[in-house]
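Participant: Which chain is which? The protein sequence lines are A, B and C, in order. Each residue of the first sequence is one higher than the one before, starting from 7 at the first, in the numbering used here. Each residue of the second sequence is one higher than the one before, starting from 787 at the first, in the numbering used here. Each residue of the third sequence is one higher than the one before, starting from 61 at the first, in the numbering used here.
The set of hints was computed from the structure by calculation and includes no laboratory data. C-beta: ideal position from N, C-alpha, C; glycine also. Just to be clear, a hint being listed does not mean it is correct.
Unchecked claim - Ranges between beta-carbon positions, derived for each pair:
#1 A/LYS140 x C/GLU291: 25 to 35 Å
#2 B/TRP820 x C/ASP280: 24 to 34 Å
#3 B/ARG852 x A/MET13: 29 to 39 Å
Claimed, not checked - Which stretches of chain A does chain B cover? Using the computed rule of at least three CB atoms under 8 Å from a CB of chain B, they are:
#4 154 to 164
#5 172 to 184
What the hints assert, rightly or not - Computed, partial: chain B to chain C, Cβ under 7 Å:
#6 LEU826
#7 ALA827
#8 CYS828
#9 ALA838
#10 SER839
#11 ARG840
#12 THR866
#13 ILE878
#14 THR897
#15 TYR901
#16 SER903
#17 TYR904
#18 ALA905
#19 VAL906
#20 MET935
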Amino acid sequence: MQDNFSMIDQDFTDGLLDKHDYLAEISHADCLTLSCKPAHWVAFAKYLCQEETFDLLVDLTAIDQGDTADIRFEVVAHFYSRVHHDYLRVHIDCLDNDKPEVDSIASIYPAADWHEREAFDMFGIIFSGHPNLKRILMWDEYPYHPLRKEFPLAGIDTPLPAPDVVEATDASVEPAPMMGGPFVSPGSGPMSDAEPRAKDESWTEETEKPV
Amino acid sequence: MIANEVAYNGKVEGDVIVTKADAVINWIRKHSVWPMPMGLACCAIELMASAASRYDISRFGMEVMRFSPRQSDCMIVAGTVTYKMAEVVRRIYDQMGDPKWVVAMGACASTGGMYRSYAVMQGVDTIVPVDVYVSGCPPRPEALLDAMMKLQDKIGNESSVKNLKKKPPVVAG
Amino acid sequence: MSTTTKEISIGDVAARQAAGVSQMEGEERMALNVGPSHPTTHGVLRLIMELNGDMIEKCEPVLGYLHRGDEKIAENMTYNQFVPYTDRLDYLSPLANNVAYAISVEKLAELEIPERCQAIRVLVCELARISSHLLGMGVFGMDAGAWTPFMYTFTEREKLYTLFEELTGARFTTSYTRIGGVARDIPDGWLKKVSKFCDELPKAIDEVEKLLTRNRIFIDRTEGIGEISKEDALAYGMTGPNLRASGVDLDLRKDKPYSGYEQYDFDVPIGTRGDCYDRYLVRIEEVRQSIRIVNQVIKNFPSGAWYAEDAKKIFAPPKEKILNSMEELIQNFMIVTEGPQMPSGEVYFEAENPKGALGFYIVSKGGGVPYRLKIRAPSFCNLSILDKLAPGHLLSDITVILGSLDFVMGECDR
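Next comes chain A alone, as it looks inside the complex (with noise of 0.2 Å):
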């Protein structure tokens, strides 16, 4: 769709990729989407808070392809700038994919902290330069990275984080019963096996709750 309100062109565009040859772009469907080399990824952000208006960073996150995928994780930033009245995505490629590292931002942009942390946590993406790598919304003993793709929904058995609740209670965090819920068809395959179901493991009466 159109946007009336946004003053990135395609002179804008040219301008940046002429400028930075560590840079591509993807699309402009919704807004402009570049990709960035790894390598420059830091210079690229510095250049956009200091030269370009783009001063707000509105999110960052990370995107998990499959481990079939060739480039398994990707980072994902979105900036904003008050003067073009538009976004600008930029999508960084983790070069190895059993130990995803990116570079971090978070001295030019000091929101990128919280958001790099999160995806720390999960997606197992190590950020090198960030002052304090640790898991924001897990606690920190966990073991998983729970937004990868093989990592099951409903998730799997670990110890409780606090051994005199554990002592008191007998309670573990244990995988939630996926009977019931949520159901959804899949759309492609034989119709025999159309049936709505629940998308990731089904634990029912005859197949067993996942290890």
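Please arrange chains B and C on chain A, whose structure you already have, making use of the hints.
Facilitator: Using the frame of chain A, we list chains B and C on its own:
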């Protein structure tokens, strides 16, 4: 229920009421339950609404919502209990003095609600013993008041004197 | 941010050491844990603070006590099935979250929404804004020690709840929008009731203002406390009334209007100093501007369709059509079981919620279930400044600062 009523036989006793100790103790306890609001999520807003002027919880003597566990009788768990928060809920429950009751308000506190995920404890009854479950997401204030009335009935039926004579339980941790 | 430095006389260090008072580098420091279960925090937030007497030296917020896994849940649900989860993000203004989510998914599909539906959404968003600010300011007064404004604002909110219940069926947690429209059209006579409510509301706000705005105690507690400079506010990614109170003119309803906001005439209050008092004033004025918008919407309420009628694979048609026509029945079945069919691509959309800018970043690989859904929560970004803001203030100021930032842990932790 009839056995716990306060009985008054004017002809024989005059100005003295003779009844069971249970009846008096339960009557006093149920009409001044001081809740400890464990307001975690959206249900806390309905809890506050039931304490506000339209659905006055003060009619039941329960407007004293002190956030100190030492000064309260009933813990109303209003909202989703996550595994990270479980330790805190249990610790506060342990700090409350006997006799104490727990009301699991809302679907999330009763059974985990619609959050069947890795981080949500599927019901607070895994870690504390619950007396009344209130369904709803969030339950209307009238439902909460109904639950408190059911709790009052439950308190009315307790054998308080027998429980008084028991040794107090050892607080864990 | 201006740091206040005060000279504290801590007496004879040697004498204190002899008396056995524990020390750190010759100062008297104490570690204090505030929360997670604490009446002055807006939900379950834990603050680990180091105090030097009454003065805060370090303040570290610990989040995650309400992390429910919304983003992972979204990868397993259709777009319409996820709407109830958006209610519970900022649970003080659920309708605004619903609208933000619906618009972002519609942007992915590049759907055109008819005017009546847009007007309904604007109306409902502004009512949600009034509701959220009323509660925010009531609880802010309570944090500073005033009980009565809380009672007054809750009475007004109860009137709003009655309106919401008539429209959507639930007092709050409404789940009112669908992808491509809203759940049902507005009932007859509802607009008149909203109009009546808006006529009575300014009096109630005046009463709250009479109690707080020129109140000596309130001003002493909030003026000059928690000052956030313009540069800090932008650097830490703050949005919404908190950013505007610091002097930055950024309101998404004016900068990037959505859902027909450009037709309505309203002002955006901007603060000067960025302290707690400014944030309070900005919110009170925003309620008045919202009343103005609501009156304009009602005056020029468009007629027509209340859902995108040409969105065949996205919006489930109304029940009368489903029960009487084969094609609509099949359409409804496909949309309910497989979900609204979205093209592949990515989209980011932010709406001006009462707490700030609520954004949804959706990556879709086709089909009815998103591949990745990121919720950009305004409270998450607003809270990150606490690390920098709190040191230098007294312990009793922290409750006022937290109240003025007006965050909600439901969306902060998701």
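Participant: Decide, hint by hint, whether the structure agrees.
Facilitator: Verification of the hints:
| no. | hint | result |
| --- | --- | --- |
| 1 | A/LYS140 x C/GLU291: 25 to 35 Å | holds (27 Å) |
| 2 | B/TRP820 x C/ASP280: 24 to 34 Å | holds (32 Å) |
| 3 | B/ARG852 x A/MET13: 29 to 39 Å | violated (55 Å) |
| 4 | 154 to 164 | holds (count 6) |
| 5 | 172 to 184 | holds (count 10) |
| 6 | LEU826 | holds (6 Å) |
| 7 | ALA827 | holds (6 Å) |
| 8 | CYS828 | holds (4 Å) |
| 9 | ALA838 | holds (4 Å) |
| 10 | SER839 | holds (6 Å) |
| 11 | ARG840 | holds (5 Å) |
| 12 | THR866 | holds (6 Å) |
| 13 | ILE878 | holds (6 Å) |
| 14 | THR897 | violated (14 Å) |
| 15 | TYR901 | holds (5 Å) |
| 16 | SER903 | holds (3 Å) |
| 17 | TYR904 | holds (6 Å) |
| 18 | ALA905 | holds (5 Å) |
| 19 | VAL906 | holds (5 Å) |
| 20 | MET935 | violated (20 Å) |
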